[in-house]
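Asks: One-letter residues, chain by chain:
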Amino acid sequence: MKKSIAISVSLLILLILLAEFFINENAGAETFSPRSFVIIFVVLFCYFISQSWAQSLSIYGKIKIILALNLLLFAINYFSSLSFDQFAKSSLNIPGLLVFLSDLVFIGLLLSLIHGLVSIQRKKNTRRNFIIFLVFLFSFSLFGQQMTYAYSRKFSPTFPIAMSSRSLYDIFIVLFMIYAMVINSFRLRWIKFLNKSQKIKTFFVSAMIIFLLVLLISKSGHLLGDISAVAHRLFTASITFVIVYFSFSIILILLYLPTAGALDRKTKELASLQQLSRSILGVFDLNKVFDIILQQTIEITGSNYSWLILKESGKRSFRLMAENGMPDKMKDVFCQPTKLNVVKWINDHKNVLMIDRVGKDDRVSDIEKWRHRSGSLLAIPLISNKKILGILFAVKNTEYGFMADDRSLLAMFANNAAIAIENAQLVEKSLTREKYEQELKVAHEAQMKLLPATTPDIPSLEISAVCITANEVGGDYYDFFQYSKNSLGVAIGDVSGKGAEAAFYMAEGKGILESFGQIDRVPAELLCKANEVLYKTLDAKTFISMLFGVFDLKKGIVSFSRAGHCPLLYWKAEDEMVYLVEPLGMALGLISGSVFKTTLSQEDVKYKKGDIFVLFTDGVTEAMNESQEEFGEDRLCELVIEHHQSSAFEIQSAILAEIKSFVGDASQHDDLSLIVIKPK
Amino acid sequence: MDSFEVAGRRQEKVEILAIKGYLDAHTAPSLENALQELVTAEKYQIVINFKDLAYISSAGLGVIMGFIENVRDHGGDIKLCEMNAKIYRVFDLLGFPKIYDITDKEAEAVKKFNS
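Those protein sequences? They're chains C and Y, same order as listed. Here the first sequence stands for residues 1 to 680, numbered as in the numbering used here. Here the second sequence stands for residues 1 to 115, numbered as in the numbering used here.
Incorrect hints may have been included.
[Claimed, not checked] Derived lysine-lysine pairs resembling DSSO-like cross-links, with alpha carbons at most 27 angstroms apart:
1) 386/C with 350/C
2) 660/C with 86/Y
3) 331/C with 449/C
4) 20/Y with 315/C
5) 13/Y with 369/C
6) 315/C with 86/Y
7) 536/C with 554/C
By construction, these hints were calculated from the structure, which means they are not laboratory data. Predicted model, so just to flag it, every value in this text is computed and none were measured.
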């Protein structure tokens, strides 16, 4: 709405302006005609309408547009002064009018663009000062007749004499305008936002603008002066302002140029610190964090390559974690970095180490590759909570490559890097733990599914079995195999290791027992066959201890073989004594073939009513109390002796209760399985 | 958590690892690392001294098993010594004495390498 009103008003005024040209014959001599206001209006209109556009441009964009405008302005005026000269005096002068209008438009745009530059990082008075300048500029254009006269006569000999009170008034206006020009010309904060190359370019652009405008001022007199003295003054004053403004900027750029490189670096460094801070928040993948740190280190210091060593958790040794551009030879050197002098030095001093000449420095003389080499090194400890997490290295292939501020900056950077690494490590740890806990849960469920849900219902045997798992799956396993009416297999075992792996091997063991049990029911032979299979499939550090027995319920004989497992506890009612039956035998998966076979023996026991068999895993005998004593086999035997008249279930409960009171508040650290079988 | 420590030292060509405390699934990795370092450095004559070991779980036994084959393939051995009765009982039950050289005294184990 506002826009359309503005446009229609300006069109109307343009019409008046055009009309004036045709009506007013004596175009050049006016002071206070409507035309003057129209001129000022057009300039102001262009100034205001282009403001938001000017603000939206980047700093260097503004400079470029100013140069383009100046080139256009110069071209138009210069050529028009050559070719349209003869038209200037004629009353109907369309090309002259167009040049005139374009000058006004350009002045409006220029003022707007310069205002854009001036108000970068504006202060309280910035806007006011610019408006004051505009007020004086337009006042001068309207009233400064005498001055312009003197100015255009280039200080004629009559100038001092010609001064009247009117011209004093003019001088007053001019002085204030110049004052406002200078004040505004100090608003050059945008220069510091340019990088070095932009500064250099701006320097030349400014010089070019000044050159063009100086040429223009000396040329533009005729045309504008012929049409309107006000326009002429406005034009001259504005152009003078632009010249002054860019002269100031040239001086300032000259002052800034020597430090421009350093400033650029600082800016870049700040940006990279910021980038890292962002990465601290966002990246929890350790390797990505390493990549960012090394990349930034190279960027900040301009080094040739960088790498990172970290202390291994819970140890004193360091390990090479990541590198960027590192030569292979150096990788070999820093593969085992703990004993290098430079690492020791930083570990002891907890301080930054800067070496200007690696070939001449004792602290790196133990690194063969650097001996007699030129280059410089910067090594920075990554410290968190006063502890050294690791060391960040950067190398330049030239001597004296690093400066003092590289050192301080990288040290600052290293603080953030240490936080980033620590955060990522914590996240990784908690993820691992979560994964581990999940795995344990799955393993625990698997283990529970592998254990029989109920004990077999045998008329001549009381059977009670239990497995109490520790927090972590310990790999305990027991099973019953009812081969026929008169044949029952019993197995109890312990897979070494823990977690899902143990559960997996347990399942394998169960499968093997199930399938071989269909063919062979002699414990020793069955275990030999199981060993052959398991030896091939278990990994090197895994084994399974197992006690396997087969009850011949008809004959009342039980045959046992023991593959590295805890002994069988046997209460012989007839003797009123407890025996630990321990036939020879090695754990499954330890060794293959004949050694296992020849070692393994089998024990046959003829049992009677009232006898008791107790099968257990090491979780029972190794149950530990708080003073770290073990429950032991003796206590177990005594309990069986004491409770030999109780039922299988009662005996089992008594043992569990005793273990519980023995262990007290200590935590259960291994699975605990217990089978009590009592013939009846 | 129960503590466990490994201290390495060297006697002539034999690397001796004295282990102390509780060797279970939690602490097994530190013995694993110690052994791995020796194997990486191609030191295959290893004696483990159990004098100060209070407890060993199946995971701890697994660590030794995991290395023995590789060490023996390189002409070396892992010999075990100075176990207390309780620890020896664990080894014995599993049948380890059949496949491992277990001696009473450390010097004896070292001597076996040199003979």
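Asks: Broken hints, numbered, in rising order?
Replies: 3, 5, 6 and 7
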